[in-house]
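Q: The primary structure of each chain is shown beneath.
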Amino acid sequence: MSLTITLTALDAARLLDATSAGIVLVGILIAGTRSIGRAVWLVAAQAILLSAAIAGVGLATHSSHLVIGSLVTLASRGIAVPLAIRYILRQSPVRVERNPYLGPRASLVAAIAIVFVSAMAIGNATLVGSVEAPRALPAAVAEVLTGLLIAMTRRKGLSIVVGLLVFENGLALVAFSLTYGMPFVVELGATFDLLMVVVVVGVYARRMLTVFGSLSTDKLRNLRG
Amino acid sequence: MNDPVVAILVLAPAIGGLAAWRMRGQTVELIAFAAYVAACSAGVGLILAAFQTGHVTAFGGIVSIDALGAYVLALTLIVAGLALWASPRYIRHELASDGLRPHDEGHYYALFLWFMATLITVPIVDNLGLLWVAIEATTVVSALLVGINRSPDAIEAAWKYLILGTIGVGFALLATLFAYASSVQVLGESSDALNWTRLMSIAPTLNPSLLRLSFVFALAGYGTKIGLVPFHTWLPDAHSQAPSPVSALLSGVSLVAALYALIRFHLVAVAGIGPGFSSTLLVAFGLLSMAVALPFMIRQEDVKRLLAYSSIEHMGLLAVGVGFGGPLALLGVALHMGLHAVTKATLFLSAGELVQQYGSRRLSAIRGTITAAPVAGVALGGGIVLLGGLPPSGIFVTEFAIVVGGVTQGFFPAAAATALLLALCFVALAVHGSRIVWGHPGPVLAASNFDIGLALRLAAPLLAVAVLGLWTPGPLISALESIKAILGATGA
Numbered sequence: 011m012s013l014t015i016t017l018t019a020l021d022a023a024r025l026l027d028a029t030s031a032g033i034v035l036v037g038i039l040i041a042g043t044r045s046i047g048r049a050v051w052l053v054a055a056q057a058i059l060l061s062a063a064i065a066g067v068g069l070a071t072h073s074s075h076l077v078i079g080s081l082v083t084l085a086s087r088g089i090a091v092p093l094a095i096r097y098i099l100r101q102s103p104v105r106v107e108r109n110p111y112l113g114p115r116a117s118l119v120a121a122i123a124i125v126f127v128s129a130m131a132i133g134n135a136t137l138v139g140s141v142e143a144p145r146a147l148p149a150a151v152a153e154v155l156t157g158l159l160i161a162m163t164r165r166k167g168l169s170i171v172v173g174l175l176v177f178e179n180g181l182a183l184v185a186f187s188l189t190y191g192m193p194f195v196v197e198l199g200a201t202f203d204l205l206m207v208v209v210v211v212g213v214y215a216r217r218m219l220t221v222f223g224s225l226s227t228d229k230l231r232n233l234r235g
Numbered sequence: 425m426n427d428p429v430v431a432i433l434v435l436a437p438a439i440g441g442l443a444a445w446r447m448r449g450q451t452v453e454l455i456a457f458a459a460y461v462a463a464c465s466a467g468v469g470l471i472l473a474a475f476q477t478g479h480v481t482a483f484g485g486i487v488s489i490d491a492l493g494a495y496v497l498a499l500t501l502i503v504a505g506l507a508l509w510a511s512p513r514y515i516r517h518e519l520a521s522d523g524l525r526p527h528d529e530g531h532y533y534a535l536f537l538w539f540m541a542t543l544i545t546v547p548i549v550d551n552l553g554l555l556w557v558a559i560e561a562t563t564v565v566s567a568l569l570v571g572i573n574r575s576p577d578a579i580e581a582a583w584k585y586l587i588l589g590t591i592g593v594g595f596a597l598l599a600t601l602f603a604y605a606s607s608v609q610v611l612g613e614s615s616d617a618l619n620w621t622r623l624m625s626i627a628p629t630l631n632p633s634l635l636r637l638s639f640v641f642a643l644a645g646y647g648t649k650i651g652l653v654p655f656h657t658w659l660p661d662a663h664s665q666a667p668s669p670v671s672a673l674l675s676g677v678s679l680v681a682a683l684y685a686l687i688r689f690h691l692v693a694v695a696g697i698g699p700g701f702s703s704t705l706l707v708a709f710g711l712l713s714m715a716v717a718l719p720f721m722i723r724q725e726d727v728k729r730l731l732a733y734s735s736i737e738h739m740g741l742l743a744v745g746v747g748f749g750g751p752l753a754l755l756g757v758a759l760h761m762g763l764h765a766v767t768k769a770t771l772f773l774s775a776g777e778l779v780q781q782y783g784s785r786r787l788s789a790i791r792g793t794i795t796a797a798p799v800a801g802v803a804l805g806g807g808i809v810l811l812g813g814l815p816p817s818g819i820f821v822t823e824f825a826i827v828v829g830g831v832t833q834g835f836f837p838a839a840a841a842t843a844l845l846l847a848l849c850f851v852a853l854a855v856h857g858s859r860i861v862w863g864h865p866g867p868v869l870a871a872s873n874f875d876i877g878l879a880l881r882l883a884a885p886l887l888a889v890a891v892l893g894l895w896t897p898g899p900l901i902s903a904l905e906s907i908k909a910i911l912g913a914t915g916a
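Respectively, the protein sequence lines represent chains H and E.
Reading the first sequence from the start, the letters are residues 11 to 235 in this note's numbering.
Reading the second sequence from the start, the letters are residues 425 to 916 in this note's numbering.
Calculated directly from the structure, the hints in this document are not laboratory data.
It is possible that some hints are incorrect.
[Claimed, not checked] Computed footprint of chain E on chain H; a stretch qualifies when at least three of its residues, placed anywhere within it, have a C-beta under 8 Å from a C-beta of chain E:
(1) 154 to 164
(2) 210 to 217
[What the hints assert, rightly or not] If we take Cβ atoms under 10 Å as the criterion, some of the chain E residues that face chain H in the derived model are:
(3) A561
(4) A581
(5) A582
(6) R791
(7) V831
[Stated by the list, open to error] Looking from chain E toward chain H, a few residues come up when the C-beta cut is under 8 Å (computed):
(8) W583
(9) L586
(10) A840
None of the values given here were measured: they were computed from a predicted structure.
By construction, the Cβ of each residue, glycine as well, lies at the ideal position given by its N, Cα and C atoms.
Could you build the full structure based on these sequences and the hints that come with them?
A: This is the structure in structure tokens:
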């Protein structure tokens, strides 16, 4: 009698479905928090869930490229990016989103509404990729939209970046739920680009702190017409 | 066999950038020049081979250069050459006037070379995923260039560019994913399932609803980088705040690189589901871009923003032309891409010169350049006339071809609207241009000293654009024919 755990492809798809639900739940929490620091940890939690799903599918399908991909996701989106944003955040005098265009409670409700709308719009569409995980794609689209919602309704530069990262997590989940990811070289390039975006965010956050004394985008209203 | 040449093309500017980072003065200028020459020699070899044989591949099909790719690569090298040539004079002036800090010099050339490397990568990769990676990389690198002088306005422009560019291009990633999903349904998860040439060969068997979704997201995503309205809001800020040689590169080729990416998606959509869907969207968004750019050009007070809005207008025109399809409009599109790139780059270089001499970018200050700053002033005036499409400008020919091509393809109202908007935009530009050149001279910071290099690099491209309106050399005609064949490969 063997004690090794073997995951079938069906188990893997269920795992993806379950982690998608988790990612959506965390996304709603991100929309509902004022603390930028907490939001960054929640974004990291999303990425860790995502990498767990990728690892599970990789083990089930014996795909070494997916297992490596999950480690890359964990190291970049789950660890390096959140730590970098935390580092930038520590230099900022204000670390909560004080006066967003849409408050945390309203954002929370909006994020829940987005999940329902995505589920209804995509739940039974005929966009079947090669993946049998029916809840993953609506969840992914909901995350893309939640990220946009956060990026568009916040004033603090780093809150907007949090929205951008939720958006990027959503994109990664779309990729994974349609086709179990893209060709490996493309995944690597996309990850590299994301890391570079965070580096450039850091560069400009530092300049904004020096020149404006804060990371509030309210100061960025000179250029018009 | 082509692998080492392609490697030199991309790696020379990439490594040159590393070498330039901590250097200053003539050393860094020499490094940048050497890296450019190396990349350019490799590029010319590949471009000639691509036009002669129709197709150059390398690295096992990851790199695939057809006539359209070779053309965009050629434009990138030409405009990058002009911008690099103008950089020493521009940067020395900024250093002398404390616009830049001493160590920014090396960073400028390093970032310039990396920007060039990313722009070069766009037209040579066959894989649509890598194409996306390259376009996103152009945003990241050029965002650092836009804000290099640390002024509040430049920081604002760079921040908006970075955030809006990244979100916008994120939608283009969705487009790529949908294309991949449609292709995996047919091919399985093979490594070439995202290769454009492969997608074209299986296009009729791809899932139509996925193709439609893919094109819509590509239009929003790459449309952001092209500056199509309503995704354009970052463009006037970034193109006006960037150092002028970088503005030349942004407006001249970075927009064309994104348009190139969108055209690839358009061609897959046309091959898969017929021309109706994507062509209509391109014509609609192109016209909208032209119509929205017009009032901003009329009321404009900043010379570089004026040129930036004009770029939105011309990208709109190109989108309209691609949407029209048909041999005449596509020929016009092919030539217009190049003429706009060269003219707009020269205009930004002359505007940069004037901004430095007048110490202001306001159109109310930059007046009477014919006496105060004759070289750059005449170049700006002449460039505006050529850009507006007054004969004998080559742009007259291309705009005429696009409008008439639209009529012959049955887009009569759209073609009429295009012609009207072109005329109005020309008037707006010409009014500003005549005030700049002939107006009552405003105060200048420094009298212009005649510089033969400056005169050459501003006059030569404009002369070329004027000559191309009267006479097109044979090799260029055959090159344009092969580009047109790709643009219309499967279409109407």
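Q: Does the structure break any of the earlier hints, and which numbers would those be?
A: Result: hints 6, 7, 10 break, sorted rising.
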